Amino acid sequence: MSEGISQPDRPQEMQGADHGAHADLFSKFDPLIQQREQLLAAGIEDPFSLVMEKVISPTRAICNGRDTILLGTYNYMGMTFDPDVIDAGVNALRDFGTGTTGSRVLNGTYQGHRDCEDALKEFYGMDHAMVFSTGYQANLGIISTIAGKGDYVVLDIDSHASIWDGCAMGKAEIVPFKHNDIEAMEKRLKRIPEGAGKLVVLEGVYSMLGDVAPLKEMVRVAKENGAMVLVDEAHSMGFIGENGRGVAEEQGVMDDVDFVIGTFSKSVGTVGGFCVSNHPKFEIMRLVCRPYVFTASLPPSVMATAATSIRKLMHGSNKRAHLWENSRTLHGGLKALGFALGTDTPQSAIIAVIMPDLERGAMMWEALLTEGLYVNLARPPATPANMTLLRCSLCAEHSEEEVQTILGMFERAGKAVGII
Amino acid sequence: MDRAAVDTKIRSLIEPFNTKGVAIEDSTTFANDLEFDSLTVMDFVAAIEDEFDIIISMNQQAEIENYGLLVDAVTKMQDDA
Numbered sequence: 001m002s003e004g005i006s007q008p009d010r011p012q013e014m015q016g017a018d019h020g021a022h023a024d025l026f027s028k029f030d031p032l033i034q035q036r037e038q039l040l041a042a043g044i045e046d047p048f049s050l051v052m053e054k055v056i057s058p059t060r061a062i063c064n065g066r067d068t069i070l071l072g073t074y075n076y077m078g079m080t081f082d083p084d085v086i087d088a089g090v091n092a093l094r095d096f097g098t099g100t101t102g103s104r105v106l107n108g109t110y111q112g113h114r115d116c117e118d119a120l121k122e123f124y125g126m127d128h129a130m131v132f133s134t135g136y137q138a139n140l141g142i143i144s145t146i147a148g149k150g151d152y153v154v155l156d157i158d159s160h161a162s163i164w165d166g167c168a169m170g171k172a173e174i175v176p177f178k179h180n181d182i183e184a185m186e187k188r189l190k191r192i193p194e195g196a197g198k199l200v201v202l203e204g205v206y207s208m209l210g211d212v213a214p215l216k217e218m219v220r221v222a223k224e225n226g227a228m229v230l231v232d233e234a235h236s237m238g239f240i241g242e243n244g245r246g247v248a249e250e251q252g253v254m255d256d257v258d259f260v261i262g263t264f265s266k267s268v269g270t271v272g273g274f275c276v277s278n279h280p281k282f283e284i285m286r287l288v289c290r291p292y293v294f295t296a297s298l299p300p301s302v303m304a305t306a307a308t309s310i311r312k313l314m315h316g317s318n319k320r321a322h323l324w325e326n327s328r329t330l331h332g333g334l335k336a337l338g339f340a341l342g343t344d345t346p347q348s349a350i351i352a353v354i355m356p357d358l359e360r361g362a363m364m365w366e367a368l369l370t371e372g373l374y375v376n377l378a379r380p381p382a383t384p385a386n387m388t389l390l391r392c393s394l395c396a397e398h399s400e401e402e403v404q405t406i407l408g409m410f411e412r413a414g415k416a417v418g419i420i
Numbered sequence: 001m002d003r004a005a006v007d008t009k010i011r012s013l014i015e016p017f018n019t020k021g022v023a024i025e026d027s028t029t030f031a032n033d034l035e036f037d038s039l040t041v042m043d044f045v046a047a048i049e050d051e052f053d054i055i056i057s058m059n060q061q062a063e064i065e066n067y068g069l070l071v072d073a074v075t076k077m078q079d080d081a
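As you go down the protein sequences, you meet chains A and B in turn. Quick note: the first sequence, position 81, residue 81 per UniProt numbering, numbers continuous. Quick note: the second sequence, position 35, residue 35 per UniProt numbering, numbers continuous.
Note that these hints are calculated values from the structure, not bench results. Any given hint could turn out to be false.
[Claimed, not checked] Calculated lysine-lysine pairs in the BS3-like style (CA-CA distance at most 30 Å, straight line):
| id | chain 1 | residue 1 | chain 2 | residue 2 |
| --- | --- | --- | --- | --- |
| 1 | A | Lys190 | A | Lys171 |
| 2 | A | Lys312 | A | Lys54 |
| 3 | A | Lys171 | B | Lys76 |
| 4 | A | Lys415 | A | Lys335 |
| 5 | A | Lys223 | A | Lys187 |
| 6 | A | Lys216 | A | Lys149 |
| 7 | A | Lys178 | B | Lys76 |
| 8 | B | Lys9 | A | Lys187 |
| 9 | B | Lys76 | A | Lys149 |
| 10 | A | Lys187 | B | Lys76 |
| 11 | A | Lys190 | B | Lys76 |
| 12 | A | Lys171 | A | Lys281 |
| 13 | B | Lys9 | A | Lys178 |
| 14 | A | Lys178 | B | Lys20 |
| 15 | A | Lys190 | B | Lys9 |
| 16 | A | Lys149 | A | Lys178 |
| 17 | A | Lys216 | A | Lys187 |
| 18 | B | Lys20 | A | Lys28 |
Being a predicted model, the structure only gives us computed values, none of them experimental.
Could you put together the complete structure from these sequences and hints?
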């Protein structure tokens with residue numbers, strides 16, 4: 001679960017229009033339009049129309065006219081303003097132009113796309129890497145292509161929208177299980193008819209609460225039951241695991257994961273998605289995966305920034321250590337202030353602050369913005385158990401002082417709104 | 001297990017989820033009459049799956065709009081299993 005602001009990650013069926021003579025196809029959105037108008041009429045700044053007028057650094061921007069600390073951008077490793085990364089992008093922009101105007105399988109594979117895939121193979125120590133135009137398309141493409149009619153996809157109920165949409169686009173039987181529940185997953189795997197193809201889809205870090213999956217046990221159980229395993233490591237790349245390969249590496253099950261899905265729009269600091277794998281037949285994906293074939297490839301400048309960033313992340317142990325310090329300081333500080341948090345311990349670079357209800361959540365979000373702090377507001381129905389959350393994602397470039405400043409802002413805003 | 005026995009069993013399983021005490025008939029729908037949200041559906045389906053040792057995939061759930069269709073589907077599935 002993640003960026004869905006007014007809808008859950010798992011797609012919901014919308015009612016068709018009333019069968020009048022001139023049915024307006026938009027009438028199905030009326031309840032949502034109404035709810036939004038009510039919220040804005042209460043005088044609250046629209047949480048979903050924020051404009052960053054100027055970006056000063058990975059952690060600072062001018063938002064709606066205010067100097068603001070960014071604590072909700074998933075820019076975990078602060079690579080967006082890295083001088084080497086910017087240089088690589090500028091050079092590629094000049095040497096190769098602004099865009100490829102073509103699919104990867106036609107005229108859209110430049111030297112930079114190959115180099116970026118090589119960087120991914122080095123980073124993950126895997127045989128194959130395939131770059132997609134976005135992380136969303138990576139999940140959409142791989143899941144819908146490898147799990148076909150008669151196969152079974154077993155997935156966590158709190159999966160990201162791109163995973164659900166990949167399931168919806170494929171023709172496989174979809175079997176969800178309760179979040180992070182090993183036993184529920186195992187029971188479902190054991191009931192799948194003998195001989196059917198099985199794909200288990202998991203995430204390393206779940207982005208709503210910032211909690212980590214018990215991959216060690218889950219991957220073992222999946223393998224014991226003859227399933228292939230796909231793990232989305234979007235929110236762990238660069239800082240979880242010895243080489244920053246993610247939760248699967250940290251829990252020692254990297255060799256049993258068949259497909260790792262990731263993104264360039266978080267730790268890597270640009271845009272794009274990928275899948276890495278050791279499957280001997282993996283390269284055929286380039287010909288059969290529609291979200292890879294039927295879209296233009298990423299611009300060469302994006303490939304150059306991604307490749308440079310990925311190679312720098314391989315040697316980012318100092319930044320990594322500082323990010324974890326920040327996560328621990330913020331988690332401990334918010335807890336001491338009396339806020340309810342999504343996890344008992346800091347498990348990732350995401351810290352979710354649980355709000356008592358949507359109204360006070362929106363007020364708190366606005367109070368923080370006025371203080372000069374940007375966090376993500378996540379609200380029902382996008383959230384698990386219909387919680388309203390303020391999600392904070394830390395950056396390795398947040399200084400110790402900035403984290404203390406952030407805690408001061410939370411304290412003042414929390415008292416003003418009456419949450420602590 | 002015949003249809004009547006499956007019906008009795010599912011009636012007892014649905015009780016904790018039927019918080020408004022809606023009278024259950026074959027035509028009772030889950031989304032409208034019982035007002036189940038997606039999390040309730042997951043928990044309810046899991047309870048049935050565990051009781052009968054079957055899988056009701058989301059694809060199959062999409063076809064099961066009311067209580068009667070659910071009892072039919074479960075009766076058939078546990079026969080086939």
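Do the alpha carbons of Lys171(A) and Lys281(A) lie within 30 Å of each other, as the hint requires? holds, 21 Å
Measure nothing beyond the straight line between the CA atoms of Lys216(A) and Lys187(A); if it is 30 Å or shorter, mark the hint as holding. Since the Cα atoms of Lys216(A) and Lys187(A) sit roughly 17 Å apart, the hinted pair holds (cutoff 30 Å).
Hint consistency between Lys190(A) and Lys9(B) [alpha-carbon to alpha-carbon, up to 30 Å]: Status holds; Cα separation ~23 Å.
Hinted pair, alpha-carbon criterion (30 Å max): Lys178(A), Lys20(B). Please report holds or violated. holds, 24 Å
Is the Cα-Cα distance between Lys415(A) and Lys335(A) 30 Å or less? Roughly 14 Å between the alpha carbons, so the hint for Lys415(A) and Lys335(A) holds.
Has the given pair, Lys187(A) with Lys76(B), been kept, meaning a C-alpha gap of at most 30 Å? The hint holds at about 20 Å.
Just to be careful, I want the Cα atoms of Lys190(A) and Lys171(A) compared with a cutoff of 30 Å; is the pair within it? holds, 21 Å
Given the hint that Lys20(B) pairs with Lys28(A), test it: the Cα-Cα distance must not exceed 30 Å. holds, 27 Å
Keeping to a limit of 30 Å between CA atoms, is the pair of Lys312(A) and Lys54(A) held or broken? Holds: Lys312(A) and Lys54(A) sit about 26 Å apart, inside 30 Å.
Regarding the pair Lys9(B) and Lys178(A), is the alpha-carbon distance no greater than 30 Å? holds, 23 Å
Compare the distance between the alpha carbons of Lys216(A) and Lys149(A) with 30 Å, and conclude whether the hinted pair is satisfied. Holds, at about 29 Å.
Given the proposed pairing of Lys149(A) with Lys178(A), does the C-alpha separation stay at or below 30 Å? This hinted pair holds, its Cα atoms lying about 24 Å apart.
Going down the numbered hints, you'll see the structure goes against none, and every one checks out.
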